[in-house]
Amino acid sequence: MAGKPLSIGVLALQGAFREHCRLLDSLGAAVREVRLPADLAGLNGLILPGGESTTMARLLSEYALWEPIRDFHAGGRAIWGTCAGAILLAREVQGAPPQFGGRQQSLGLLDATVQRNAFGRQINSFAAPLIVQGLDLPFPAVFIRAPAFSGAGAEATVLAEWDGQAVMLCQGRILATAFHPELSGDARIHQLFMKMAQEAQVANK
Amino acid sequence: MSDSQNGMPQQTDLNFGFAEMFKGGVIMDVVTADQARIAEAAGATAVMALERVPADIRVDGGVARMSDPKMIKEIIAAVTIPVMAKVRIGHIVEAQILQALGVDFIDESEVLTPADEQFHILKTEFKVPFVCGAKNLGEALRRVAEGASMIRTKGEAGTGNVVEAVRHARTILGEIRSIQARPVEELMTVARDLQAPYELVKYVHQNGKLPVVNFAAGGIATPSDAALMMVLGLDGVFVGSGIFKSDNPERRAQAIVKAVTHFQNPELLAEISEDLGAPMTGINIDDLIPAERLASRGW
Chain F
1 MAGKPLSIGV
11 LALQGAFREH
21 CRLLDSLGAA
31 VREVRLPADL
41 AGLNGLILPG
51 GESTTMARLL
61 SEYALWEPIR
71 DFHAGGRAIW
81 GTCAGAILLA
91 REVQGAPPQF
101 GGRQQSLGLL
111 DATVQRNAFG
121 RQINSFAAPL
131 IVQGLDLPFP
141 AVFIRAPAFS
151 GAGAEATVLA
161 EWDGQAVMLC
171 QGRILATAFH
181 PELSGDARIH
191 QLFMKMAQEA
201 QVANK
Chain S
206 MSDSQNGMPQ
216 QTDLNFGFAE
226 MFKGGVIMDV
236 VTADQARIAE
246 AAGATAVMAL
256 ERVPADIRVD
266 GGVARMSDPK
276 MIKEIIAAVT
286 IPVMAKVRIG
296 HIVEAQILQA
306 LGVDFIDESE
316 VLTPADEQFH
326 ILKTEFKVPF
336 VCGAKNLGEA
346 LRRVAEGASM
356 IRTKGEAGTG
366 NVVEAVRHAR
376 TILGEIRSIQ
386 ARPVEELMTV
396 ARDLQAPYEL
406 VKYVHQNGKL
416 PVVNFAAGGI
426 ATPSDAALMM
436 VLGLDGVFVG
446 SGIFKSDNPE
456 RRAQAIVKAV
466 THFQNPELLA
476 EISEDLGAPM
486 TGINIDDLIP
496 AERLASRGW
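First to last, the sequence lines map onto chains F and S.
Take 1 as the starting number for the first sequence in this note's numbering and just add one per residue.
Take 206 as the starting number for the second sequence in this note's numbering and just add one per residue.
Errors might be hidden in some of the hints.
Which bits of chain F does chain S cover? Going by a derived footprint, with three or more residues having C-beta under 8 Å, they are [stated by the list, open to error]: (1) 73 to 82; (2) 167 to 176; (3) 180 to 188.
So the derived list for chain S, only partly shown, Cβ under 8 Å to chain F, looks like this [claimed, not checked]: (4) G212; (5) T217; (6) T250; (7) P287; (8) E330; (9) P334; (10) I494; (11) R498.
It is worth saying that the hints were derived from the structure and are not from the lab.
Computed from a predicted model, the values in this text were never measured in an experiment.
Note that beta-carbon positions come from the ideal geometry of N, C-alpha and C, so glycine has one too.
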């Protein structure tokens, strides 16, 4: 594709943001780390990486990033959350810290409930060849203290399931994966997201 | 994911990947479920459950061991973030007990009294990931070869003095840079000199980093200490006595979390560092007699 490369931001408050940056860079995207609201300007898409969702939520509040990210999406841009990032996207979070009264702040952009640590603690983390709708061959999916989705609304499509639980959802310009495509060295889901961001950019013109 | 078979990630990859998730974060020492809750609310990426923080271990003396499983279970029940816990160097059975309890990460730590002065735990025998301390690159690579999924500087725990953590970080990162500059044919000699496995020396030469996540620990007491370790090139920080031995643990914990994210932004760091109450008092390392130095435990 000619002209300016696609500009993708990666939320860099905490977690595995460098892995996403490296993969995006290898795919020819212009990559920017996002820590403050001003960093969102001019981006075509945003990735919310894996890490600790409670840590990221706290830092999103401290630096008033919740609304700017919602506005970013409302402005016609694509957002992808992996693991903790997917938790941040969901309408409702289950398994929030008991001390928070079982409630955890989220962006509410993805019409689904997310269950934190749905597959157990680190000792239960696993990797599996995942059948993903739209991909020819199974994806080597890494699940680390991974969440799972339930109660997805009519707008959301389940792209992959594991053990009867939804682990990958797509809803308009929102993509959510409970696993970590940035860790397996397979760039197909990053390519999928870049296509989403590209299509959103074209639609905005 | 170099050691994958059939293209599918293995247990090592799951543990290495898990360690990646802590990057840019703060792991906090806690001795009660209440402290664990404060740490989680402040934005800790994990808590380290232990019986006494290093500063108290120094004062109390005696043998420091793995914590009571009851206390570890209480902490696991109190928070949703990962829970780590410490075992004595070489204490295989303490590690088996922690794995059975469902702890997410084990720290084979020089802060506790070593159970074995010669041999570390063979961590590849475990499913649960381990973090180990190191003062230099050879030590770090020996621990990785034994199966550690994360390395941290030893620093000098319980002193509130960052100087040893800086020394260890400078040493490890400096040795990595010097290996990168060496021609390939010299790497076997480098491996001999470092007393480190050749394959791992080659990895460092090719990639310019450790094969695992590299954290700072031992003496970090302020947001600027934490930011300093990030500026030096480490991936995140452990804070032990620095939080709950300070005047206002809650605010200090929140400030250190913010400092690790915004370490490149001095204006924000100035705001973050303001009005936190007194930090832990701290100890001048030169005043420690050699036997009081925890960093010299392990090899």
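For each hint, the structure was consulted:
Using a Cβ-Cβ cut-off of 8 Å, 0 residues of the region 73 to 82 of chain F lie near chain S, which falls short of the minimum of three, so the contact claim is violated. With a threshold of 8 Å between beta carbons, the proposed coverage of the region 167 to 176 of chain F by chain S is violated, since 0 of its residues qualify and at least three are required. Coverage of the region 180 to 188 of chain F by chain S holds [criterion: at least 3 residues with CB-CB distance below 8 Å; count 4]. This hint holds: G212/S has a C-beta 6 Å from the nearest C-beta of chain F, less than the 8 Å allowed.
Interface restraint check: T217/S against chain F, minimum CB-CB distance 11 Å, threshold 8 Å, status violated. At its closest, the beta carbon of T250/S sits 4 Å from a beta carbon of chain F; the interface hint therefore holds under the 8 Å criterion. For P287/S, the suggested interface contact is upheld, since its CB lies about 7 Å from the closest CB of chain F, less than 8 Å. Annotation: E330/S was flagged as interfacial toward chain F, and the flag is violated, the nearest CB pair being 14 Å apart, outside 8 Å.
With a least beta-carbon distance of about 7 Å to chain F, the hint placing P334/S at the interface is held under the 8 Å criterion. A cut of 8 Å between beta carbons decides the hint on I494/S: the least distance to chain F is about 39 Å, and the hint is violated. Below 8 Å, beta-carbon pairs count as interface contacts, and R498/S has none with chain F, the closest being about 32 Å; its hint is therefore violated.
Checked against the numbered hints listed earlier, the structure breaks hints 1, 2, 5, 8, 10 and 11; every other hint is satisfied.
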